Amino acid sequence: MRKYKFEAPQSFEELFEIMHRANFEKDEIKFVAGGTDFVPRLNFELNMIPSEQKQPLQIMYLGCLGIDSIIEKDGIISIGACCKLNDIMKNPVICEKLPVLVETISQMAGLTIRNTGTIGGNIMNASPANDSIPTFIVLDANFILKSEKKERTVKASEFFTGPGKTVAKPDEVLTRIEINLKKGHASFKKLGRRQAETLSVVNAAAYVEQENSVCKTVRVAVGSVGPTVIRCERVEVALRGKKLTEDVIKTASLKVLNEINPIDDLRASAWYRNKTAPVMVSRAIKAAAGIRGE
Amino acid sequence: MSEILNLYVNGTKMQAIAKPESTLLEVLRDELHLVSPKCGCNHGDCGACTVILDGKAVKSCTVLALTAEGKKVVTVEGLSNGSELHPVQQAFIKYGAPQCGYCTPGMVMATVAFLLDNPTPKEEEIKDALSGNLCRCGGYKEYVKAVSAVVSGEFGRLPEGSEINA
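Each protein sequence line maps, in turn, to chains A and B.
According to our numbering, the first sequence is numbered sequentially starting from 1.
According to our numbering, the second sequence is numbered sequentially starting from 1001.
Hints in this document: simulated from the structure, not taken from any laboratory.
Everything numeric in this text was worked out from a predicted model, so none of it was measured.
Just so you know, not all the hints are guaranteed correct.
[What the hints assert, rightly or not] Subject to a maximum C-alpha distance of 20 Å in a straight line, what follows is the list of computed PhoX-like cross-link-like pairs (lysine-lysine):
| id | chain 1 | residue 1 | chain 2 | residue 2 |
| --- | --- | --- | --- | --- |
| 1 | A | K30 | B | K1122 |
| 2 | A | K250 | A | K216 |
| 3 | A | K5 | A | K30 |
| 4 | B | K1094 | B | K1072 |
| 5 | A | K54 | A | K5 |
| 6 | A | K3 | B | K1019 |
| 7 | A | K182 | A | K150 |
| 8 | A | K183 | A | K242 |
| 9 | A | K90 | B | K1056 |
| 10 | A | K5 | B | K1094 |
| 11 | A | K183 | A | K97 |
| 12 | B | K1127 | A | K54 |
| 13 | B | K1122 | A | K90 |
[Unchecked claim] If the Cβ cut is set under 8 Å, some of the chain B residues that face chain A in the computed set are:
| id | residue |
| --- | --- |
| 14 | T1012 |
| 15 | Q1015 |
| 16 | A1016 |
| 17 | P1020 |
| 18 | G1040 |
| 19 | G1044 |
| 20 | D1045 |
| 21 | A1057 |
| 22 | V1058 |
| 23 | K1059 |
| 24 | T1067 |
| 25 | F1114 |
| 26 | N1118 |
| 27 | D1128 |
| 28 | A1129 |
[To be verified] Residues from chain A that face chain B, not an exhaustive set, calculated with beta carbons under 10 Å:
| id | residue |
| --- | --- |
| 29 | E45 |
| 30 | N86 |
| 31 | T166 |
| 32 | P170 |
By construction, the Cβ of each residue, glycine as well, lies at the ideal position given by its N, Cα and C atoms.
Given these sequences and hints, build the entire structure.
Below you can see the structure in the form of structure tokens.
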């Protein structure tokens, strides 16, 4: 049997002390916040995979570090990485200032999973089908990583490098997400096989700032159609400086096909994803631009 | 290496031995012999293992047991008040909601926690709240009917959170 160890540090000092003691050569360390993705994988590993050869796994539970508050200061909303998804959805500051995050999280998993799952865990999973990442990318959010020696900030759009991979180093912990409140509007749209408890076939988020009915700032991101969530710069270029009519949005949305590289998997075929990605992008842009319909 | 886990289960302080990799579901069933939470998919999908943890419905197969240290857990075993069933249980029986019964404990706990939070939901909200609980007999309509009947007051006043945990 593979050996497991469990630690629940109560402070960052304690966390880094344990990290010091851990033998990186021999032990694999896994940071766990909510565990809604980790625990099922662990259950699968325990039941299905012969584990004699595997190195011990150090489970490092981050839920006692106290990084679970939501604070607004100087126009910046800071969300602790261990905030439970449902708590973010119900937070009055988020409801008032960042309704797009409520729209996004309400389409993630189901009520009971959102009671356990955390936003930091969701981000660090770095799933290509992740639902919160497109929204964080278009909101131009910053992720704050903390290691023993320093703290650094990485933009959401530069954080992910592949399926399950991020720029975070093994000794860095995601502590919070910071969003600078701006005057534009954002929207998130998801296509799944059923409404709840499902992973996205395609999802899309958009942020639009208009001036005199002309699109001034725009950011578009699309998920589940490549190795990471993808920022769609060609779509953005096609929208910038233009009046956002249905036709302009439709033409621009088609440019997403030059950015994505979907695969066939158990949820949908690449063909279907190519057909639906422009539709979801168009819906997200329209909603962010305040255009009714669909 | 196992550790001693302290929990308040159905109002009683309990201790159990938990391995680092044990789930809350395993501890409840195998150590504390509370068998109402069922192990359906063991993957966080089906909801048969739903229990109330510190007032919120969670899928106990996705919770690492040791992360629940010092927390309050309520299972179906802790719902009835003596011989009187909880209104949700009464409604499920009257409306014939359970068929094979395997998903029922999870449905009961998800419903109870949901109604603590939102005592007057619309039908759509009920469906949304129970969407994480699968019933392979396909008896979803009866569950929604039963919950709606509880909401309408047919089974009397709903116990509050503190009364359930007592």
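Given the hinted pair A:K54 and A:K5, is their Cα-Cα distance within 20 Å? holds, 14 Å
Checking hints one by one. Is B:V1058 an interface residue toward chain A, by the C-beta closer than 8 Å rule? This interface hint holds because 5 Å falls under the 8 Å limit.
With a cut-off of 8 Å on the beta carbons, see whether B:T1067 makes it to chain A. Holds, about 5 Å.
Holds or violated: is there a CB of chain A closer than 8 Å to the CB of B:D1128? The hint holds - B:D1128 has a Cβ within 8 Å of chain A, the shortest such distance being about 7 Å.
Proposed interface contact between B:P1020 and chain A, which counts if any beta carbon pair is under 8 Å: holds, 4 Å
Tell me if the straight-line CA distance from B:K1094 to B:K1072 falls inside 20 Å. violated, 30 Å
When the nearest CB of chain B is found for A:E45, is that gap smaller than 10 Å? holds, 9 Å
Compare the distance between the alpha carbons of A:K30 and B:K1122 with 20 Å, and conclude whether the hinted pair is satisfied. violated, 41 Å
Given hint A:K150 paired with A:K182 - CA-CA distance at most 20 Å: violated, 28 Å
So if I understand the rule, the pair passes when the alpha-carbon distance is 20 Å or less; does A:K90 with B:K1056 pass? Roughly 14 Å separates the two Cα atoms, so the pair holds.
Tell me if B:A1057 is really an interface residue toward chain A, meaning its C-beta lies closer than 8 Å to one of theirs. holds, 5 Å
A closest beta-carbon separation below 8 Å is what the hint needs, so does B:G1044 meet it against chain A? For B:G1044, the interface hint holds, since the closest Cβ of chain A sits about 5 Å away, which is under 8 Å.
The structure fails hints 1, 4, 7, 10, 12, 14, 15, 16, 18, 26, 31, 32 (numbered hints given earlier, in ascending order).
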